[in-house]
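Asks: Chains as they are written, first to last, in this note's numbering: chain G, 1 to 176; chain E, 177 to 393.
One thing to keep in mind: the hints can contain errors.
Only pairs whose alpha carbons sit at most 20 angstroms apart, straight line, appear in this in silico SDA-like list of lysine to any residue [said to hold, decoys possible]: (1) Lys187/E with Phe16/G; (2) Lys359/E with Thr19/G; (3) Lys187/E with Arg51/G; (4) Lys359/E with Trp92/G; (5) Lys359/E with Leu83/G; (6) Lys9/G with Gly84/G; (7) Lys69/G with Leu326/E; (8) Lys187/E with Leu83/G; (9) Lys221/E with Leu259/E; (10) Lys9/G with Leu358/E; (11) Lys273/E with Gly232/E; (12) Lys10/G with Leu326/E; (13) Lys10/G with Asp355/E; (14) Lys359/E with Arg59/G; (15) Lys80/G with Asp355/E; (16) Lys359/E with Lys69/G; (17) Lys10/G with Lys221/E; (18) Lys206/E with Thr280/E.
I should point out that these hints are in silico values taken from the structure, not numbers from a laboratory.
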Amino acid sequence: MSKTRLDQKKVNSELFTLTYGALVAQLLKDYENVEDVNKQLERMGYNMGIRLIEDFLARTGCGRCYDFKDTAEKIQMGFKIFLGITPTITNWSPAGDEFSLCFEVNPLTEFVELPDHCLNLKYCNILTGVLRGACEMVQMEIACWFVQDQLKNDSTTELRVKFIKRLEDAIPAGDD
Amino acid sequence: MVIYGVYIVSKSGGLIFNHDHNVPKVEHEKQFTYPLDIKLTYENKKIVVAFGQKDGINVGHALTAVNGSSVTGRELDDGRDVLEMLERPENFPVNLKFSRAKMTTNEKIFLASMFYPLFAIASQLSPEPRCSGIEVLEADTFRLYCYQTLTGVKFMIVAEPSQPGMEILSKRVYELYADYALKNPFYSLEMPIRCELFETNLQNLLETVEKSGISNV
């Protein structure tokens with residue numbers, strides 16, 4: 001029974017890419033204002049992240065992070081599990097509380113060209129929400145934003161992640 | 177090999193799921209003559225045996241039926257008070273049915289929220305820093321296994337003391353929760369889990385473990 005469970009159900013990434021494209025296109029229609037779409041994508045991502053983290057933990061059996069480097073590696077592992085890509089971790093800040101994830105390939109943007117009226121659109125903004133939601137559930141507050149985007153003619157896509165604080169109040173008993 | 181039940185307690189300490197798996201049903205029916213040779217009392221909205229254990233009817237068992245008509249609280253179906261009725265010789269001989277009292281949902285919620293501070297106290301009493309809280313609680317008739325995830329959800333399994341592999345089982349239950357509860361778009365976090373798929377998959381998992389051991393899941 002758990003055999004069907006453990007070998008993860010695989011879907012073609014194109015199906016995923018197109019579904020996400022349909023979602024963004026629909027949001028653009030619904031909101032018209034690009035800033036609202038960015039915000040909405042982040043919110044949807046957040047709601048996905050707070051659920052997805054349980055899947056990640058159940059599947060990998062990862063323990064708690066006591067260092068942001070750990071967190072970075074686990075986020076990287078998450079991308080491998082859920083999107084099948086391994087972004088590189090670079091540009092650590094001297095304090096070790098900020099790093100970048102660089103994507104050479106990004107399955108979300110495979111067939112995408114941004115039209116002129118969408119230059120402010122953060123097409124992959126759902127990812128920032130996912131990361132924020134997932135980290136929040138393991139009692140870590142982070143901020144996350146895009147600094148480079150291949151869709152905007154940058155050479156890579158770069159996602160910056162910043163550690164803000166541990167959510168001490170939310171840490172469950174027996175874990176602090 | 178018996179697993180008695182599975183409980184899931186949310187981050188905030190509320191019972192969000194419980195599943196009674198394999199609780200053996202104890203039921204005894206017997207003809208009684210006047211005067212009644214067991215002592216009954218009314219407590220917790222049930223009529224229970226207080227003293228006088230015989231023929232499998234034990235102290236603590238609840239009266240469920242009198243002459244085939246069921247007992248609710250202290251009243252019969254027709255509204256008569258059971259204890260008063262059993263004091264009158266003209267009502268005898270009488271047929272009484274007893275069974276082990278079942279926990280109501282309210283009692284389960286109450287107990288689950290009681291375990292929550294217990295768990296927290298255990299982790300604070302620890303002589304060493306960074307204590308996990310209660311992982312196994314053992315009694316003569318059962319063992320309770322508790323697995324707390326990093327997000328604070330607790331998975332509890334009550335099983336026979338001799339049942340092996342319960343730590344692994346609780347992680348399997350966590351996987352089922354991640355799949356069938358959290359991926360259900362109509363399930364909202366922290367709310368009671370009413371997902372049929374989750375329930376059936378859990379049931380299957382428990383049955384497999386009981387039949388062929390944890391190594392087969």
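Asks: Now look at each hint and say whether the structure bears it out.
Replies: Verification of the supplied hints:
no. : hint                   : result
1   : Lys187/E with Phe16/G  : 32 angstroms, violated
2   : Lys359/E with Thr19/G  : 17 angstroms, holds
3   : Lys187/E with Arg51/G  : 13 angstroms, holds
4   : Lys359/E with Trp92/G  : 34 angstroms, violated
5   : Lys359/E with Leu83/G  : 17 angstroms, holds
6   : Lys9/G with Gly84/G    : 13 angstroms, holds
7   : Lys69/G with Leu326/E  : 18 angstroms, holds
8   : Lys187/E with Leu83/G  : 28 angstroms, violated
9   : Lys221/E with Leu259/E : 13 angstroms, holds
10  : Lys9/G with Leu358/E   : 16 angstroms, holds
11  : Lys273/E with Gly232/E : 11 angstroms, holds
12  : Lys10/G with Leu326/E  : 26 angstroms, violated
13  : Lys10/G with Asp355/E  : 14 angstroms, holds
14  : Lys359/E with Arg59/G  : 14 angstroms, holds
15  : Lys80/G with Asp355/E  : 18 angstroms, holds
16  : Lys359/E with Lys69/G  : 29 angstroms, violated
17  : Lys10/G with Lys221/E  : 53 angstroms, violated
18  : Lys206/E with Thr280/E : 25 angstroms, violated
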